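Colleague: Using the hints, position chain F against chain X.
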Amino acid sequence: MRRAAKIATWVALGAFTIAFIYPFIWLLSASFKPRSEVFDNRIIPETFTLENYIRVWHEAPLGLWMANTLLVTVLAAVAVTITSAMVAWGFAYFRFPGRNFLFGIVLATMMLPGAVTMIPVFLIWNSLGAVGTLTPLWAQNLFGSAFYIFLLRQFFMGLPREPFEAAKIDGANNWKIFTRIALPLCKPAVVVTLLFEFQAAWTDLMRPLIYLRDSSTFTVPRGLKALLDQFGFGGEWHWEIVMTASVITTIPMIILFFLGQKHFIRGIATTGSKG
Amino acid sequence: METRAALLFISPWIVGFLVFTAWPVINSAYLSLTDYDVINDPNYVGFDNYVQLFEDPKVGLALWNTFVFSVLSVPTHLVVALGLALLLNSASKATGFFRTAFFLPKMTPPVAIGILLLLLFNGQNGLINAFLGLFGIDGPAWTTDPDWVKPGLVLMNLWTVGSSVVIILAALRGVPQELYDSALVDGAGWWKRLFRITVPMISPTLFFLFIVDTINALQSFTEAYTAFFGAGNTTYSNDAALFYAIYLFQQAFEFLHMGYASALAWLLFIVIMAITAVQIVVTRRFVHYEGGNP
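The listed protein sequences correspond, in order, to chains X and F.
Heads up, the first sequence is in numbering that gives the first Met the number 0, so the first residue is 0 and it goes up one at a time.
Heads up, the second sequence is in numbering that gives the first Met the number 0, so the first residue is 0 and it goes up one at a time.
Everything labelled a hint here was simulated from the structure, so no lab data went into it.
All figures in this text were calculated on a predicted structure; none of them were measured in a lab.
Some hints could be false.
Every beta carbon over 10 Å from chain X, so not counted as near; a handful from chain F, in silico [claimed, not checked]:
| no. | residue |
| --- | --- |
| 1 | D34 |
| 2 | V78 |
| 3 | G135 |
| 4 | D137 |
| 5 | P139 |
| 6 | L193 |
| 7 | L267 |
In silico DSS-like links for lysine-lysine, alpha-carbon gap of 30 Å or less [to be verified]:
| no. | chain 1 | residue 1 | chain 2 | residue 2 |
| --- | --- | --- | --- | --- |
| 8 | X | K186 | X | K167 |
| 9 | F | K92 | X | K5 |
| 10 | X | K175 | X | K186 |
| 11 | X | K261 | F | K191 |
| 12 | X | K5 | F | K57 |
Partial list, derived from the structure: chain X residues whose beta carbon lies under 10 Å from chain F [unchecked claim]:
| no. | residue |
| --- | --- |
| 13 | A29 |
| 14 | D203 |
| 15 | V219 |
| 16 | D228 |
Even glycine gets a Cβ: it sits at the ideal position worked out from N, Cα and C.
So here's chain X without its partners, still in its complex pose:
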């Protein structure tokens, strides 16, 4: 009986693994098929071709889209990590009047749906002449983000106070205490913040839809949507182009996951337990 249960567990795990991984393999395989065979549902292409990758490179400024996305993503992730860590440290380490009230506001902003601020924020960037540029996609991150402030503060609160008091007696100023002692001790949470925001910025579609107009400024997801509108819906049926571009959009995120797998899993797990 126990043996049967064990076998059933493994069979189920295997079946679900296939179900989760199969779409990736299906898509990857289709991207190497010629146009007439992309919907044949074979795992190994009957005719293997690199034609789609060459064509997609000619049809779309993919290199430029990649560069745009990388720029936005790096700026977004670095900016939000530095400022969120600063703010989190301010809330975690110091005692000052109104601290709990202000942190309550930080938490309350997380409850506000993005839809409420979306239009006025667009109007701010519009009045600054930044619509059509990449700036609105990342610059707001210079002011921290409530979720990461919360996450990092939790981490800072778990640190013992002694090293900081000792450094203070040795004459270190507040900035030094933060950058030399607190941040290094909090490295796992900093890495989680960087990875989470990197993924969020890379995969975002809504903001690029709102702010980007010209194809030369597109990020990869925005470009992928444009390719779908042109080659999927727009009368030109070239799904192999759309599939190949989807593979190219997804692969950097798969690589990112394998580079930071441990941090991703731990980061996600702690998010849940803090609720």
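Modeller: Chain F only, in chain X's frame:
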């Protein structure tokens, strides 16, 4: 001294809060009382936009679509995540490998998930219907039949259940083994242990996921927008997938009805608050906190 240093550290957030949250909230409330197309100055119209919300049939449709999707999606998501986490928890070896396999789809950009939906769920030659065909089932036209669009989106959404699995698995690992040992001594079966020990012990986590998943489902945008809306897309455009966030986006940035869209945003805010409040009141009594309910 300490206060000044603290304020310096939190100053980025204070500035950001004032500029990108507080001011937008005030401005949004004002704009919702106006007609505004970005080019001409806002024209004050009182509560006309809010009256229009109740007369616009698309608002009702969008609310209904979003509601149906959320009601189908959130519970299935939670049950499947719990099932997979239990499965992973009972396997002694290679859990890391399976966890990776389950989590990987979560890394896929939502726009690519929208495209995968169109491809995998295609009624004629999609993989899903080919699979159903193996069992002699004639699958529906998932991406065109209005009755099957939302179930298709729900199933596609299950592909990214991995992060919830990771969260639940972490909670399962925190349940003390002694509880199961003494239950086994008492001769409690699998179902009994599940509902008497496991579910109550991880109920705070399930409650958290239930609330967060619902809030996210009510704001669903990218997958459905990618697959069923957008420039040049008239043949595929499908009102069965017109979610509230999509209609709001169209009103604001395609029709430039900024005033009306602001009113739409406030209605969404009220709906989310109301639903979350009801969920908290109704489910709270089922949530078990170690050391008593707070």
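Colleague: Compare the structure with each hint and give your call.
Modeller: A quick look at each hint next to the structure:
1. D34: holds, 13 Å
2. V78: The claim stands: V78/F keeps its Cβ more than 10 Å from every Cβ of chain X (closest is about 14 Å).
3. G135: G135/F is indeed farther than 10 Å from all Cβ atoms of chain X, at 17 Å.
4. D137: holds, 17 Å
5. P139: Correct as stated: the minimum Cβ-Cβ distance to chain X is 18 Å, above 10 Å.
6. L193: holds, 14 Å
7. L267: The assertion about L267/F is violated, with a minimum of 5 Å to chain X.
8. K186/X <-> K167/X: Holds, at about 21 Å.
9. K92/F <-> K5/X: holds, 11 Å
10. K175/X <-> K186/X: holds, 16 Å
11. K261/X <-> K191/F: Given pair K261/X, K191/F is violated - Cα atoms ~34 Å apart, limit 30 Å.
12. K5/X <-> K57/F: violated, 52 Å
13. A29: holds, 8 Å
14. D203: Holds: closest Cβ of chain F sits about 8 Å from D203/X, inside 10 Å.
15. V219: holds, 8 Å
16. D228: Given a least distance of 4 Å, the restraint on D228/X holds.
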